[in-house]
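Chains as they are written, first to last, in our numbering: chain A, 198 to 302; chain Y, 198 to 302.
The hints are simulated quantities; they were obtained by calculation from the structure and are not laboratory data. The structure displayed is predicted, hence computed values, not measured ones. Any given hint could be a false lead.
Since copy identity is lost for identical chains, a pair holds within one copy or between any two.
DSSO-like mimics (lysine-lysine), calculated; alpha carbons at most 27 Å apart, straight line [said to hold, decoys possible]: (1) K231 - K250; (2) K206 - K269; (3) K282 - K231; (4) K250 - K295; (5) K231 - K266; (6) K287 - K218; (7) K206 - K266; (8) K238 - K223; (9) K206 - K218; (10) K287 - K267; (11) K295 - K223; (12) K279 - K238; (13) K282 - K206; (14) K287 - K206.
There are 2 protein chains.
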Amino acid sequence: MSIVTNTPKPPYYAVIFTSQKITEDKGYGEMSDKMVELVSKQDGFLGFESARKDLGITVSYWRDEESIKKWKANLEHQEAQKLGKELWYKQYKIRIAKVERDYEL
Amino acid sequence: MSIVTNTPKPPYYAVIFTSQKITEDKGYGEMSDKMVELVSKQDGFLGFESARKDLGITVSYWRDEESIKKWKANLEHQEAQKLGKELWYKQYKIRIAKVERDYEL
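With the hints as constraints, model all of the structure from the sequences given.
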């Protein structure tokens, strides 16, 4: 099975979420599982890739900007974003980027 | 110290490199260190972020497409790319994306 996400032919969008977490969990794991389940049902969601060492990187892929905006405004996701700021992250940066080309092995 | 890369105001470019490595090292670690040193000297290079669990994700940031193309064509980097295909990676995908906006905590 492929662990690299199969995305359609560009153009499509990538949201690059880079973060540094605090050490304690404080409910993060549970919320993370819930968000993975929820995001998978969103219209325009194409998949995501995630890895963490000290730094965590999650890249999610989307059909268009509209679907990214709807996901950001989703009420349950809004609650997760609020808790993220208050409890889980020391630092994060989110970059919204238009994938123009891709190639693979 | 910040471990999330300080990038300038968008637009700029991101190269999202997602990979699955083979288990053995086969000279990968040494080459990786060499490439980090070399890429840091390239014109237009803005920084990179990297994490690996099963999946590895490295996102490098660039001023423009021209600087990405020059780095891809760099002779030492070409040799590393060749060895990557032959020895180190089971699978990878590279996506070139234009960062349109960003925000952070």
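The hints, checked one at a time:
{"no.": "1", "hint": "K231 - K250", "verdict": "both (22 Å within a copy, 21 Å between copies)"}
{"no.": "2", "hint": "K206 - K269", "verdict": "both (24 Å within a copy, 21 Å between copies)"}
{"no.": "3", "hint": "K282 - K231", "verdict": "within (17 Å within a copy, 37 Å between copies)"}
{"no.": "4", "hint": "K250 - K295", "verdict": "both (26 Å within a copy, 25 Å between copies)"}
{"no.": "5", "hint": "K231 - K266", "verdict": "within (19 Å within a copy, 40 Å between copies)"}
{"no.": "6", "hint": "K287 - K218", "verdict": "within (6 Å within a copy, 30 Å between copies)"}
{"no.": "7", "hint": "K206 - K266", "verdict": "both (21 Å within a copy, 20 Å between copies)"}
{"no.": "8", "hint": "K238 - K223", "verdict": "within (25 Å within a copy, 41 Å between copies)"}
{"no.": "9", "hint": "K206 - K218", "verdict": "between (33 Å within a copy, 24 Å between copies)"}
{"no.": "10", "hint": "K287 - K267", "verdict": "within (26 Å within a copy, 35 Å between copies)"}
{"no.": "11", "hint": "K295 - K223", "verdict": "neither (34 Å within a copy, 35 Å between copies)"}
{"no.": "12", "hint": "K279 - K238", "verdict": "within (21 Å within a copy, 39 Å between copies)"}
{"no.": "13", "hint": "K282 - K206", "verdict": "between (34 Å within a copy, 22 Å between copies)"}
{"no.": "14", "hint": "K287 - K206", "verdict": "between (35 Å within a copy, 22 Å between copies)"}
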